[in-house]
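Protein chains: 2
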Amino acid sequence: MIILAIFKKVLQVKESGVFTKKELRIVRENPITIYINGEEFVTLLCTPTHLKELAVGFLAAEKIITNANDIKEILVDKDKGLIWIELKVYRKIAKATYGKRYLTSGCGKGTVFYHLNDVMDIKPFPVVNKFEVETIFTLVKAVAKKTDEKGETAGGIHKAALVEDNKVQVIKSDVGRHNAVDKVFGSILLQNKEIKADMLITTGRISSEILTKSYAMGVPVVVSLSTPTALSIEIAENLNITVIGYVRGKKANIYSVPERIIL
Amino acid sequence: MIILAIFKKVLQVKESGVFTKKELRIVRENPITIYINGEEFVTLLCTPTHLKELAVGFLAAEKIITNANDIKEILVDKDKGLIWIELKVYRKIAKATYGKRYLTSGCGKGTVFYHLNDVMDIKPFPVVNKFEVETIFTLVKAVAKKTDEKGETAGGIHKAALVEDNKVQVIKSDVGRHNAVDKVFGSILLQNKEIKADMLITTGRISSEILTKSYAMGVPVVVSLSTPTALSIEIAENLNITVIGYVRGKKANIYSVPERIIL
Chain S
1 MIILAIFKKV
11 LQVKESGVFT
21 KKELRIVREN
31 PITIYINGEE
41 FVTLLCTPTH
51 LKELAVGFLA
61 AEKIITNAND
71 IKEILVDKDK
81 GLIWIELKVY
91 RKIAKATYGK
101 RYLTSGCGKG
111 TVFYHLNDVM
121 DIKPFPVVNK
131 FEVETIFTLV
141 KAVAKKTDEK
151 GETAGGIHKA
161 ALVEDNKVQV
171 IKSDVGRHNA
181 VDKVFGSILL
191 QNKEIKADML
201 ITTGRISSEI
211 LTKSYAMGVP
221 VVVSLSTPTA
231 LSIEIAENLN
241 ITVIGYVRGK
251 KANIYSVPER
261 IIL
Chain Y
1 MIILAIFKKV
11 LQVKESGVFT
21 KKELRIVREN
31 PITIYINGEE
41 FVTLLCTPTH
51 LKELAVGFLA
61 AEKIITNAND
71 IKEILVDKDK
81 GLIWIELKVY
91 RKIAKATYGK
101 RYLTSGCGKG
111 TVFYHLNDVM
121 DIKPFPVVNK
131 FEVETIFTLV
141 KAVAKKTDEK
151 GETAGGIHKA
161 ALVEDNKVQV
171 IKSDVGRHNA
181 VDKVFGSILL
191 QNKEIKADML
201 ITTGRISSEI
211 LTKSYAMGVP
221 VVVSLSTPTA
231 LSIEIAENLN
241 ITVIGYVRGK
251 KANIYSVPER
261 IIL
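Quick note, the sequences are listed as chains S and Y, same order.
This note's numbering applies: residue 1 is where the first sequence begins, and numbers increase by one.
This note's numbering applies: residue 1 is where the second sequence begins, and numbers increase by one.
Hint data in this document are derived by calculation from the structure and do not stem from the laboratory.
Be aware that one or more of the hints could be misleading.
For identical chains, the list gives no copy identity; a pair is met inside one copy or between any two copies.
[Said to hold, decoys possible] Here are the simulated DSS-like pairs of lysine-lysine, each with C-alpha atoms no more than 27 Å apart in a straight line: (1) K251 <-> K80; (2) K14 <-> K88; (3) K52 <-> K196; (4) K52 <-> K63; (5) K250 <-> K22.
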């Protein structure tokens with residue numbers, strides 16, 4: 001699995017005056033530019049694996065597409081780091097509003113959405129399924145372990161996984177936490193399936209963008225090995241998403257909507 | 001120092017069936033939108049401290065400005081998360097090319113720059129000053145410690161520091177590693193000083209963007225508690241920047257240009 005990482009000779013200092021040369025695995029980070037219907041849309045810095053999944057997940061989370069049927073064709077040029085996407089219908093409004101922020105009437109504090117329709121039409125997720133905390137511990141352990149790309153680069157690679165019916169459905173890796181999340185969503189969409197996952201597990205920090213992606217994909221529980229930000233908890237409370245962080249062994253913090261978790 | 005974090009009651013699970021409510025500090029993440037001469041430029045997700053420094057550092061790293069004299073006025077509306085900047089001269093080319101990628105003649109692999117002038121005119125840094133590895137250990141320890149904002153939120157906050165003449169000149173914190181780096185650069189520029197720092201220390205991962213910022217600010221040594229990506233090492237080698245990662249106590253990895261380090 002050298003595609004995730006390269007080998008490189010590094011000077012390892014063990015203490016002042018004591019050093020050796022050692023070959024280490026270093027995680028890859030490449031610029032990948034996405035073109036939509038001939039127009040440059042965005043450049044992502046990512047680990048160059050599962051690029052179709054990345055592009056599809058990214059576009060779905062950004063509401064440029066709703067599912068894989070919106071796409072006529074995807075061409076990936078790995079060497080040049082280019083992805084050409086031909087959409088059946090390209091709603092240019094999506095491009096014009098990409099990355100733009102919408103001031104909600106609350107102003108200031110309430111400003112959390114990037115999509116105009118989200119501001120207009122927020123529908124908090126109802127509490128439907130509930131989850132044993134013990135199951136979450138087991139799932140997180142499985143995600144943390146399940147990797148053929150660990151080794152020396154472990155520190156630099158993030159993983160994301162989707163869980164459906166208490167089973168890990170898909171797991172993907174990337175140098176960027178957002179990209180790993182986009183890849184798991186894109187992977188389901190490319191199979192022409194609806195996303196019915198109950199839970200998103202990420203090794204990375206939960207920032208507002210992770211919550212926005214989770215909301216766009218209809219996933220009501222977000223679990224992380226790391227910590228959430230204050231804004232992500234605020235969004236989670238508005239949308240009734242359960243946020244769990246700092247999962248370590250049998251320990252965890254539940255930051256919002258604990259009603260979904262059976263303790 | 002509650003501005004960096006909020007307090008929030010969190011449900012802490014200690015093991016299945018055992019849980020308590022505990023008040024934890026959660027790092028703040030706010031959307032801050034920068035307007036230049038009346039036009040929306042970018043929205044950053046950041047910890048809302050030192051916002052002037054953040055904006056000035058960001059604009060300098062993006063080559064929108066070269067120093068604080070290019071700015072006529074900065075107004076910060078903290079509540080609404082807006083920063084209004086009036087530039088003496090606004091080179092619109094900078095906006096048109098923001099975030100755009102330039103394909104170098106090497107293509108694919110060689111594609112690392114976002115600024116047209118960088119692609120045209122790369123000047124690797126000469127080796128001038130050298131640094132005792134022991135000094136680097138001491139500096140990193142000081143940066144890791146020196147914080148009035150640690151405590152419960154430690155996991156979610158990144159720090160960046162600039163070192164001049166073997167002394168920490170400035171240190172800033174943010175939920176985002178890039179923002180912390182922008183804040184330290186902005187802090188020097190706002191004092192109407194030139195950046196003469198020898199070394200950038202960051203608690204976060206070294207990605208290509210950190211290298212690009214370091215290059216833009218003329219800093220030849222980048223030190224991290226975490227790991228660099230393959231692309232950042234490649235850029236470092238092209239620009240003759242020393243990259244040191246995984247600094248832990250008296251251990252460190254030197255990934256590029258070890259000539260600057262006295263072992």
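- Message: Name the hints, by number, that the structure is in violation of.
- Response: Failing hints, ascending: 1, 2.
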